[in-house]
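Those protein sequences? They're chains L and W, same order as listed. Here the first sequence stands for residues -10 to 332, numbered as in my numbering. Here the second sequence stands for residues -10 to 332, numbered as in my numbering.
Hint data in this document are derived by calculation from the structure and do not stem from the laboratory. Please note that the accuracy of each hint is not assured.
Which copy is meant is left open, so a pair is good if it fits within one copy or across any two.
[Said to hold, decoys possible] Mimicking DSS-like on lysine-lysine, the simulated pairs with C-alpha atoms at most 25 Å apart in a straight line are:
(1) Lys188 - Lys154
(2) Lys38 - Lys175
(3) Lys138 - Lys175
(4) Lys175 - Lys254
Number of protein chains: 2
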Amino acid sequence: MRIALDAMGGDNAPKVNVDGALESIEEFGDVKITLVGDEAVLNKQLQRKSYDAQRLDVVHASQVVEMGEAMAMALRKKKDSSIRVAVGLVKSGKADAVVSAGHSGIAMATALTMLRKAPGVDRPAFATLMPTLTGRFLLIDAGANVDCKPLNLLQFAFMGNAYYKTVFGIPYPRVGLISNGEEDCKGNELTKETFKLLKTSGLNFIGNIEGKDLFSDHADVVVCDGFIGNTVLKTSEGLAETIFKMLKAEITKSFFAKIGYLLMKPAFRNFKKNTDYDEYGGAPLLGINGTCIISHGRSSPKAIKNAIKVANQLAGIDISKLISDNIAQSGMGIIKENEFAEN
Amino acid sequence: MRIALDAMGGDNAPKVNVDGALESIEEFGDVKITLVGDEAVLNKQLQRKSYDAQRLDVVHASQVVEMGEAMAMALRKKKDSSIRVAVGLVKSGKADAVVSAGHSGIAMATALTMLRKAPGVDRPAFATLMPTLTGRFLLIDAGANVDCKPLNLLQFAFMGNAYYKTVFGIPYPRVGLISNGEEDCKGNELTKETFKLLKTSGLNFIGNIEGKDLFSDHADVVVCDGFIGNTVLKTSEGLAETIFKMLKAEITKSFFAKIGYLLMKPAFRNFKKNTDYDEYGGAPLLGINGTCIISHGRSSPKAIKNAIKVANQLAGIDISKLISDNIAQSGMGIIKENEFAEN
């Protein structure tokens, strides 16, 4: 697959982006990368690096969207930004997927306006993999839509289901709905209505799932609105970081604990590898015509490389067509008609 | 202060409740406890225990609300339940506060219907302390109200502020609003409106706070609706548990790691103490006429003891009057009038 990489997006661009791209063509035999950004800057980054020029080229973009930039201004004024040019390559069929670690809101808006929603999808959503005790779950929506309707959440469930079953080869992923209790009657207005739709969706819906059960392998696909999803994702990141800082502070207080830590280091390292954001790479924006992976602004080369891996994988299975097909087969049209009839 | 303890509520009642009560009269010189529940059962629990009978008595209640019980049935049919009789002692002035580790929804509903909302409060809320890197923050609402209006969240902020400043002696606690980004413009419909109200509230409002910053001492009082609060609380509990299980699994794989763990054990223990739920004891239901602390169903004797400590402390400062006074002084009446004028 041919991946267009927004080489200028992210806190440490373009260096980590270029390094990640080079690592990925080294590691994944079937990937071709187009670095999109300031040609002079990128060529300088590539100087003295050895790589297969058949599999890595540069496309010029004269502008860069900065991390703190206002959405409206960036979209209107920066017509030659690296993210826009990169998405354009997907639109024109010159690339199969786009990866960006830049301003996530602007990357999302650019992908959405240029590639448009996939047939049957009302609201595209971010899907993020998160580690559990023995595996992982897919959180959808992880932050694209802060205010949702039940039908949106139902579509997220179908989108997540299509992704999960195809990528992990599990025919009937367990779909859970985040709620304030596991009993069927629990929830807010949004989730109670969504619960009813999921119950008759034909998906392997296991019911409500509480925050405390997210990490203990209850569900494969966890559905929520983007406000909740963003809060769950960031709370988890913040808490994990804090737990390790607190432990570290305790360890430095005692000589024996320090020795103990040295002996435990490989165990800590394995644990970190299992839970490391860099291993997951990035979150696809599901439900658009094309494959678009958005990574953390503070991505490392490894995170970029793994985002490229995900992009390669999802473009390979034609994720957007897969999702549209799944939604078309779901009887969603009937649910929608009923919804409109009621209103 | 005189604390009425629902001795029958909780997964391990009445044993842990009685043990916690005994520990608390041992430790806190100014506490008197009334155990509420089946007299015969409780007297049997107290047999062969030595304690000051002036400071611990039993009031009979013939019924118990079970953990899985349906709310409506329990409220209607169990007029002599231990939680109801315990709340009744507060209502009649025979106790200053009530503590329950029973069914939290039913405990809340019972306290709310019998003691009623404090003047100026539209929706009482759960307030939970959570540990941070160097201190703690108060999460409000931690689960009482799943669907909220901006005015409810504003009141939660005042309630949390009154609690925090009085209990921790900090004159202007930093109040943050959970959102999907720290920029002022971020949020969903509910939080964007709430943001405007908080901005002009006179509170020390520091703006939006993301999940990742909750645990790094950005805010003292963290405001959100009860659906979000419950999700944050339970996700944190679940993740912390999972991290330790994952670490443990890694440790058992290697002999050196096991030795390392033994050397690090005191550090782990200190860390656990700082983050242990049992140390915090329970969550007060703020905004009712009286002091009511709801604890985890799986509370240990230490958790019960610490819930009694919190009850004692909050009854001592007359938390419900404090909250009503703070809301009266806040100009909330004017905000409310404007709100009704708009609708």
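Hints, one by one, checked against the model:
Taking the shortest Cα distances, Lys188 and Lys154 sit within 25 Å of each other inside one copy (19 Å), while across copies they are farther apart (46 Å). For a Cα distance limit of 25 Å, the shortest separation of Lys38 from Lys175 qualifies neither inside one copy, at 57 Å, nor across copies, at 41 Å. Proximity of Lys138 and Lys175 under a CA criterion of 25 Å is satisfied in both settings, with 17 Å inside one chain copy and 19 Å between copies. Proximity of Lys175 and Lys254 under a CA criterion of 25 Å is satisfied in neither setting, with 42 Å inside one chain copy and 39 Å between copies.
Hints 2 and 4, counting from the list given before, are not met by this structure.
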